[in-house]
Amino acid sequence: MRILFIGDIFAKPGLLVMQRFLQEHGHSYDFIIANGENAADGFGITRKHFTAMREAGVDVVTLGNHTFDNREVFEMINETPRLLRPLNYPPGVPGLGAASFIARSGERITVMQAMGRIFMDTLDCPFRALDEALNTLSVGEPVVVEFHAEATSEKKVMLYHLQGRVAALIGTHTHVQTADEQIVKGTAYITDAGMTGAQDSAIGLAFEEVHKRFTTQLKQRYKPAERLGTLCGVALTIQGSKARQIERIQWREGA
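Quick note on numbering: this note's numbering labels position 92 of the sequence shown as 92, and the sequence is numbered without any gaps.
Calculated from the structure, these hints are not laboratory results. Certain hints may be false.
Result set (BS3-like, lysine-lysine): computed pairs, CA atoms no more than 30 Å apart in a straight line [claimed, not checked]:
| id | residue 1 | residue 2 |
| --- | --- | --- |
| 1 | K223 | K212 |
| 2 | K219 | K12 |
| 3 | K223 | K48 |
| 4 | K242 | K185 |
| 5 | K156 | K185 |
| 6 | K223 | K12 |
| 7 | K156 | K242 |
Just the calculated beta-carbon pair ranges, DEER-fashion [unchecked claim]:
| id | residue 1 | residue 2 | range |
| --- | --- | --- | --- |
| 8 | E55 | Q182 | 30 to 40 Å |
| 9 | Q163 | T136 | 38 to 48 Å |
| 10 | L218 | G240 | 53 to 63 Å |
Nothing here was measured: the structure is a model prediction, and the numbers come from that model. We treat Cβ as the ideally placed atom computed from N, Cα and C, and that holds for glycine.
The whole structure should be built from the sequences, with the hints applied where relevant.
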C-alpha cells in the first residue's frame, strides 16, 4: 500500500500547490493524508477548505493546535470521520482523533493524531491516549500516527514508545521538513514532514509583519505570504502492518 502524507497546508499557496501536485501524482497513491489546520490563512480550517482538499483527492484531513480557531469546525467535525483532531483532547471535546478506512488498494488503514505537550497547549498525555486507542484495534492492522508537536525530543521519545507497534509515526507542526527519515522495527518515522505553502516566507506568513514584530516587539496583524508554493511531505510503502519504505517529498512550483 502506497500512502502519501502532506505536511501542514498553509493558506492559498498551500492549497494551490497541493491541488496541482495531486492532479499530476495523486493516482500513484492508495491513500492520502494531509494536515489542514493552517488552511484558513494559517488559523484553522473552514468547510470551503475541507471540501477543496477532499475534492483534490485527500482521504483524511488532520488538524492540531489550531483545530478550533474557526467556528465552522464545531459544525463540521462531528459530521465526518475524515476530519481528525488530536485524540488527547479531554473527554467531551467534539470530534474524533482516530478512524479506520479502506484504501483504494482494498486494504484497511487506521489513522490517528495526537498532540505534544512541550511548548504547546497542555492536553491529556499523548502516550497514554495512543496506547488506549491502539488497544482497541485488531492485531496486524496498519496504523499511521501523526504527532503534532514542537519538541524534537518529545517526537523521538514517541518513536521509542511506538516502534514496532505502528506502521508510521509522522511529525508535524514546525513547518520545517527534517532529514531524519528512518524505519525502526517496521515503523517509518520523520521528525517533521514540513509545510505545504509559500516556501519563501516566515513559515507561511509574509515577512513584513513578522519582521516588524521581531524588531519592535509590537503585535502585528499577520498575513499569509502570496508566493509560489512548495509541497512537503512523505511517501510511505506499507506491507501488512509494517513500513517498507519512507521517502521525503519536496515538490516546488515553477521548478
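Compare the structure with the hints numbered earlier in the document and write down the numbers of the violated ones, lowest to highest.
Violated: hint 9 alone.
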